[in-house]
Amino acid sequence: MDRPKPEPNAAPFIHAHPTTESAAASSTAPELAGLLTHEDVDRALDRWQVSQARREGRGSKRFGGLRVLWLLIGPGVLVFLGENDAPSMLSYSADGARYGIGFFIPFVILTFVMGFIVQEMTVRLGAVTHRGHAELIFDRFGKFWGFFAMGDLVFGNFLTLVTEFIGVRAGLGFFGIPPVVAVVGALVIVAGAITTGRYWTWERITLALAIFNGLFIPAAILARPNWHSVGHALLTWMPLPSGSHYEILLLILATIGATVTPWMLFFQQSAVVDKGMQPRDINAGRFDTILGVVLASVCAIAAILATAPLFHHGIDASNFQGAQFAEALEPWIGHTGAALFALGIFEAGIVAAIAISTSSAYAFGEVLQTGHSLNRPLRDAWPFYLVLLGSAATAAALVLIPRFPLEFVVLTVNVIAVLAMPPALAFLLLLVNDREVMGEHVNGMWANVAGVTVTVLLICAGIGFGLATVFPKLLGG
Amino acid sequence: MKRESKPNVEPVALNGEQPHLEDPRVVLSLLEADQVVAAKERMRFGRQKLSGGVRAMLWGLRIYVVVMLVIVFISVLHAIQAAH
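For the record, the sequence lines run as chains A and B. Numbering of the first sequence is given in our numbering, commencing with residue 1 and proceeding in unit increments. Numbering of the second sequence is given in our numbering, commencing with residue 1 and proceeding in unit increments.
I should point out that these hints are in silico values taken from the structure, not numbers from a laboratory. The model shown is predicted, which means the values in this text are computed figures rather than measured ones. Backbone N, C-alpha and C fix where the C-beta goes; we use that ideal spot for every residue, glycine too. Do not rely on the hints blindly, as some may be mistaken.
If the Cβ cut is set under 10 Å, some of the chain B residues that face chain A in the computed set are [unchecked claim]:
1) 26
2) 34
3) 41
4) 65
5) 69
6) 75
7) 76
Construct all of the structure, not just a fragment, from the sequences and the given hints.
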């Protein structure tokens with residue numbers, strides 16, 4: 001492999017390399033001792049707690065005991081429950097309302113498997129390099145490719161943030177709460193989560209909010225799904241959706257975009273770094289990611305089941321948004337079920353707004369090389385917090401502008417996420433196969449086969465959508 | 001280049017009591033060498049030399065994204081026009 005080559009005129013730096021050497025044992029320890037930051041001290045405390053838990057739980061060799069798991073879960077659960085956001089839950093709802101119980105239930109599980117394959121790589125990258133995704137892309141591929149990757153991220157994140165506030169507004173709209181109150185209230189919650197100046201506290205607050213994604217489960221139970229049909233769909237992928245092939249393809253793309261998106265790569269890797277995870281935590285990170293996949297897929301399937309009565313009763317849900325699903329469902333799942341559904345949409349929007357704005361802030365901080373940690377006090381990392389709150393506030397403000405084309409944003413956001421994903425996956429696969437960066441944690445053959453397969457599937461889905469749009473007669477549409 | 005050292009450096013604070021984090025040695029003993037913010041600022045992964053094939057792939061994917069975004073934009077405009 002070629003040796004790393006510094007950029008022309010770049011400031012001299014020491015080449016980093018994968019290591020698990022203790023900072024106290026490194027040759028630069030005396031110098032580093034005088035340069036420690038608030039961020040380092042907070043992270044050290046987190047590491048001490050993990051070390052203690054690991055020492056107490058030595059009986060359980062694989063993960064080191066339940067307390068270790070409790071301490072190390074977070075980024076994986078957050079990224080998947082965060083990605084069960086307002087547009088995603090609306091996509092799942094549209095799946096159920098338009099095509100009932102059938103193909104989309106196993107398909108959603110497939111998309112979550114794809115999500116796990118991709119996100120597991122970010123756990124390893126973060127734990128081994130202690131660097132965020134944007135930082136690694138800029139370091140290894142240079143500014144030219146780095147700005148392309150950032151462009152995709154910023155564009156996609158901002159559009160998605162707008163849809164989260166649309167979800168917040170629509171969810172609370174069901175209860176008669178005025179849009180301004182709903183959106184400003186959501187912004188206050190986003191701001192409140194970051195005022196602690198501590199990653200751990202922020203993570204636990206956001207996790208506590210994310211658990212309410214489970215509101216879709218009682219809503220699904222109230223819809224009294226036919227469990228035999230659910231089992232049949234899981235085993236056979238039947239019945240297949242029928243009708244306009246173009247619309248089915250669009251919904252397939254939106255459903256993939258509800259699970260596999262660029263912000264997830266950037267967020268989970270940066271969160272793993274901010275949490276202070278180390279290579280010895282990779283197995284726990286994998287467990288965290290699997291837990292996120294399981295919780296999020298159950299909630300996603302619950303959304304499909306909750307809206308399936310609309311399909312069975314022939315209600316046209318083709319132009320439904322947010323609260324309209326809840327209102328239409330009321331005759332079939334009752335006021336309580338509809339209220340749970342509306343609250344679920346609100347929760348989905350608020351948690352994703354927190355996670356996505358944090359993902360943007362991490363990436364900006366990494367690229368601009370300014371402080372980018374939730375362990376930093378506001379005065380130390382104000383650009384980081386400014387991006388975080390500024391992006392959320394701008395998205396929130398757009399939602400309140402009369403006659404702003406919200407419909408345009410909702411229609412495009414998940415599709416754009418799928419289309420932007422292949423280049424993001426290419427960078428991810430290049431990084432995770434880079435022995436200079438990953439050392440012994442470089443991708444194995446099967447991880448590469450899985451990663452390339454996901455990339456090719458996403459490209460095929462995108463090209464299929466493009467062909468169906470440009471040549472509608474190809475699909476008989 | 002040193003590739004990997006074994007993770008056997010036991011943190012000095014592992015005595016069951018709350019660690020004295022005002023002592024820099026304790027903080028350093030709990031973190032890995034490239035986990036300290038100041039160390040990360042001075043140590044960077046340098047540029048990787050991209051092969052022709054990798055460059056072609058990245059350009060291909062970039063063109064793919066731009067073309068697809070144009071298609072999405074047009075299709076959504078049509079959808080909105082049709083809806084109104």
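Evaluation of the provided hints:
no.	hint	in the structure
1	26	holds (7 Å)
2	34	holds (6 Å)
3	41	holds (7 Å)
4	65	holds (6 Å)
5	69	holds (7 Å)
6	75	holds (5 Å)
7	76	holds (5 Å)
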